[in-house]
Amino acid sequence: MLLTAFDKKAGPGPLADIKTGRVHPLVKPFFSLACFFCSVAVHAQGITLSLKKVSLETVFQQIEQQTDYRFFYTSEILAGTKPISLEVQRVPIETVLSLCFKDQPLDYTLEEKVVMVRKKVKAATGAAEPAIDVTGKVFNEKAEIISGVTVTIKETGKMTATDDQGVFRLSAIDPNSTLRFTGIVIEPLEVKLNGRTTLTIELRSKVVALSDITVISTGYQEISKERSTGSYNYLDNKLVNRSVTANILDRMENLVPGLLFNRGEAANTDPILIRGRSTIYANASPLIVVDNFPYDGSIDNINPNDIESISVLKDAAAASIWGARAGNGVIVITTKKGIGSKTKISLNNSISFQQRPNLYNINAIHSADYIEVEKFLYANGYYAGISNDSTQPITPVIQLLAAADNGTISQSAAQSQIDVLKNRDVLADLGKYLYRNSLTRQHSINISGATPALNYFMSAGWDNNRPNLAGEKSDRISLRTQNTFNISKKLQADAGIFYVENNNRSGNNTGYLLRGQGQYTISGGRRVYPYAQLADATGNALPLYLDYAPAFVDAAAKNQLLDWTQKPLADINNEQNKSKTRDYVLNAGLRYSIINGLKIELKYQYENQLLTGNDFRNENSYYARDLINNFTQVDPATGKLSFPVPKGGIMDVNNQEIKSQQGRAQLNYNKSWKSNHQLTAIGGFEIRSLLTNSNSYRFYGYNPDVSTANGNIDYTSNFLLYNNYSQVRIVNNQAIGALTDHFLSYYANAAYTYKNRYTLSASARKDEANLFGVQTNQKGTPLWSVGGSWKTSAEPFYKLSWLPYVRFRMTYGSNGNISRLATAFATIKFLTGGASSIPANAASIQSLPNSSLRWEQVKILNLGMDFESKNNRIAGTLEFYTKHATDLMGQAPIDPTLGRSSFYGNVAEMKGEGIDLQLNSKNIDAKFFKWTTALLVSYASSRVTKYLLPVSSKGNVYLQPGTGASPTSINPVEGRPVFSVYSYKWLGLDPATGNPIGSFNGKASTDYASIYGQTKLDSMVYNGPVQPIWFGALRNNFSYNNFSLSFNIGFKADYYFRKQALNYGVLFSSWNGSGDYSKRWKSPGDESHTNVPSMVYPGDNYRDLFYQYAGVIVQRADNIRLEDISCSYDWDMQHWKNAYIQQAKFFVYVSNLGEIWRANKEDIDPYYNNIPKEAKRIAVGVSFNF
Amino acid sequence: MYRSYHIYLKLLLLITTAVSCSKKDYLDTKPDQSLTVPSTIQDYQALLDNDQLNGAGGSAASGLVPGLGELGSDNYFVLDADYTGRLQQADKNKYVWQANPYPGVALPDWNTPYADILYMNVVLDGLARIKPSIDQQAAWNNCRGSALFFRAFCYYQLAQLFAPFYDANTATKDLGVPLRNTADVNEQIVRSTNQETYDKIIAELKEAIRLLPDNPLYKTRPSRPAAYGFLSRVFLAMQNYDQAYLYADSCLQIQKSLLNYSTLSTTALFPFTRFNAEVLWNCTLLRPDPLTPAYCKVDTVLYNSYNANDLRKTLYYKPFNGYFRFLGSYDASAFAFGGIAVDEVYLTHAECAARKNDMVTALSDLNTLLITRWKPGTFIPFTAATASQALDLILSERRKELILRATRWTDLRRLNKEANYAKTLLRKVQGQQYTLPVGDARFTWLIPDNVMSFHPEMQQNPR
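Chains as they are written, first to last, in the numbering used here: chain V, 1 to 1186; chain G, 10001 to 10463.
Among these hints, one or two may not hold up.
To be verified - No more than 20 Å apart at the CA atoms, straight line, and that leaves these computed lysine to aspartate or glutamate pairs for EDC-like:
#, chain 1, residue 1, chain 2, residue 2
1, V, Lys659, G, Asp10028
2, V, Lys489, V, Asp68
3, V, Lys375, G, Asp10082
Simulated from the structure, these hints should not be mistaken for lab results.
Just chain V, with the same shape it has in the complex (with noise of 0.2 Å):
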């Protein structure tokens, strides 16, 4: 549809229609915004002209009816001019005005909007000419103005650059001269200025290497890197467009050094860390910003083909400069903007495939195996008590070996009903029926282009995607403007608006996590047992007995109870989880030149996230019938029943709004003396606050057809259990909160270059914020860096000719973090209402009183290396880097003696180390074959160095160190990263029995009780880190004519993991367990070739988990895998005559690959341990450029 309607309004034709047309500039802009799509042609700004031999004042006639350009001249000056022909579409003012006085007798000058036309003064013959003072401004084949080149003048060798409006001044200079202009983005060009004081010249941009990107923005300005002292890495629209994703933040793995994307466990503790892990509980995430601000929304609705460039900031230099919240590093994304004059619109489609994932990854017990111990254990009386008691369930072996013991069938019925249990497999049912093969699709479409009025984006994108987990959905649709209005020369404004949209729909699915749901039955965690069958031949879907005995079930509908069978197949569309984001973002801002080189900027941004979240269970969901059920109370007089939960729906409602306002002030200041003094400055202030109202409720009874729900619940009376154990209210879910947080920062930078050989640059910054529970003092921090830099292939001294290029950096700053848990007086919360027993208010202890509070503080010490060789053939950046942490907070676990089993405050310090490689190699660069190669290795190191509290002792502390999403106890050691492997030591299995061997006080030891318990930390194997310390990614591109193909290697090394064990105990009681049961020592020799200990009856806690924590379970998890496989073919239109498409490209993206070498001997992928395994994606696309 929309393409239909582009193709129409689209292309050059219309554009003449408007030549006539007058619009006042400045009603220009709003005009746009408001027809956004509708309004392409006007928007094609600039002088288009077509003229044959007629006078000057025709071509200022002509000018004058195009813009609100005016020409001040009188006749007699006129007179003797030639007259000229001009053939120009869409150019600037200047281009046709140098054009116009080009061999003319006439001078001219440009002030605001007005064209003063004089005579040349002629210099008397034979003198030499007077000299004249130059100015002239530079543009690249885009029409974007280039700060930084240097301009000589190629007889003096007087040199100044252009400044950040592209502008640069050379005064007292002779009028032949000829210029120069060399930068590091452009082609050296040479112009001669023939007397003219006044230039517009464009210049044609340097095809770059990767490694020499010219402009990264911090998110506060944009600085050459050429002369920034910091490490900043840069991935261009490109590289971010390489791979085919929906979030952003997954295009940038592996193509960043030091940027590290944990994956498999490694990924609980910390998803992305940027060099290396800083601070031991606060979040270690990096802060990420998108145009100008850092991002308050989820990274989700971000859509990645908005997306420009990305610079990540990894440094104290880099950083320091967002303060407080840069400890962890700075990801700063930059969307599209408007550029080149043309109106260019392109379209980008892709779909992306991938089957079920493979489930067989899991090392799970055989049915046969199973049914084995379950026999075992049935002649050993484990399940005597359990099948005295009516609720409990039992699985259908153990109902059979029953029957057959009561005689209610014969021994050979039942053990041949077992027989056909055995060949069942309940994982090709969970991969069957909760799993399918996923799709995604995305779409999206841009339009922008620039006027000397206005700079233009828009853009719309929608996603779809049908994840692989069953009754899983989801869409989002994103729409984005963004526009620059040069109002005058010295006031420009910004204007952008962002919306997306956000749906998400999922059922009751939890995968091959099956188990059973029910929620006041008396042992959690059963899993669903091997032989478990979902559906049967005709795929109707099966009951499965989780929670209760099918006796017990069949008593309850005797009973009047509602249907109590639980069929998880039928019951994933009994649940629809919907969830929807809408956030908008309005931003606008001013920019105005107040004096040549300063410049002040405001900045505001608006931004709102509202999160809706509605769970509905409908009346046949196994949740709403099981918790009606539980609640139903049976008078014992008369045996009626009553429902305090009444029946039908459950409806949980979440919302959550977010509000946030950030505004910047600002002043920049740029300015070159001559050719050897540069300075760039900034200063500013910055305010910003985050508002977070959340309420959540639930429904019973909730009926959608006609909306109404039961208001008349009893939230407040204990009612018993119909299955008769407990005591429980019923769940009111409701609670309301609102968040506040305030910032307010002052900073200010500045950079000196002098002779653009040696930079000098400093930063400070300080950060408050409404921090609660601490003194006034402690409510703020003050953060700095000072860094050089020294080019020392520009000293003439320097003559290594094989490498042309040479610079080196350091920078040493304190980045900090803020923690908002921390209080230095004791806090409380007031408990909402229902929480208390009787009808007081009631308040909890929030945090502990901590009088010596202080801020987190990282110091950084980058030093860095910048080379290039001949013709730019290897191209590289190598840092090293060191970074200490001091006064980090931690949640540590303490005495509880105390009070609290853990504590939160200033508690560690940490030192770290690490080196960042990037090469890249041009191995082949023939006309039509190109070949080239990126290497990333990073090195990544930390461990605590301090540690103020008292430090346990026991061993069995550290074995689970940040388990789940947010670990909620960090256990650091002295020496040792914060998240390590620990074991206990193996001595292998006993030959006579098959016992695990541990050691305790030095001697082998099977008391396992003691072994646990009493193992002190200095007494266990210290194995290695959980997440790597050496990382990186190999990437060759090559390019055939149009076609190109990439494909990226990633590696990780030196880190752990711990395999899943073999525990009796949950094998007995969870109905699961692992494969390894087919390994385990059965008898004497076994010890030879098995490290799986024999099976004990009763089981032995302490020897499981003795076993479970064995050095033996940990494993290497070094991999090298083939990331992924990018191919395109780039079809160039340009050259077809009156094709509407100009570019068309089409590409194929395949990733997750698998790995090509793995550490373990296990035949572990580290990154799917004992999970389903992910499937190979595979992406095909085309997007148009018109």
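Based on these hints, arrange chain G on the given structure of chain V.
Below, chain G without anything else, positioned relative to chain V:
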């Protein structure tokens, strides 16, 4: 040019002034509306009214009273099948009094009372900074009195488990429990002597008695009679029968009403009501799994010892899969009552009277209590020829009355000191017999490993 500079300068000045004026407000905004730095008496009262402290609200993790004592005592048993198939390893070990029952795991019986003591310390630290006005004095007194009562209660519960039985001869050498005096996390943790532990408990209760009201607003809040009743329990545990008698008497002077069990429904699952007339202060037990109604079966001999006309037999116990389970909690829930009630005070009063050879008071107390426990018209008042016969009767009725009331473990410990009443405890699991002989070191539980691991120098209880 100069003029425009001037304008910018003025503008900048204006913005700066505006910002700095509102800056203080801006940075003082509360980040979370529900958070408060406690400063008022109301704030501290709200902390004291937290269900975590009064053990109400039906959460197994809340309460002041550890369940470990009841778990180790002799009023119940667990079926073999539940023992093997259902119980956690640590609970199994505790059930059979294993020498090192909970290696390497946290123990709520230690952590929870100390977590509650933290609340008291925050309250007491805070109240010390408030100078109450005349109309605030009552509220301030109630707060301080409550906090002292709670803290003493916690120390008492800890001492019953982790400190040896109080022996006046050795108490200054025996190790008690760590005492915490402030909320400061940097406070040194050392074991006090048993004498210091009990002195602290008594001193705090005596001060609380001066501060607390006779009639609390809610029965989850301590009161003067509750403090008297509790102090008599403390002295009983110290075998100081004179003091125990006096404080029991002081309690009964204020509050002595008893429930008439014949008015209660025998069919209702929970026959008692919460905050009933006998309850002086309501609180529940932390409930380890073996004590949940699902597993906890009443000792058969104990059950059979109730007279057929004794209403407690039908009100306390309900049949369950061929056995009987206790549902007679004064909390009217599946959670055991761990607070102070008048019936206990009567029994203490009677016991002390008997021990003082005051047989008349002893029997009158006992009969006053028991007549309310029997079917109307069936009760024949107990008689005794000697004070020691009366004591036999009283101790037997004390066990039958105070089921799952967190008193049995202490009673076992103190009665073990008397040859007549000393009892070796016995458990049978899967044919195997476990015993806890009189005077065994295991009558004092081990301090958990996770506490010991922080204090290499701290002395563990002997084994």
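Now the hints, each set against the structure:
1. Lys659(V) to Asp10028(G): The hint holds at about 19 Å.
2. Lys489(V) to Asp68(V): 14 Å, holds
3. Lys375(V) to Asp10082(G): Distance of about 19 Å is within 20 Å: holds.
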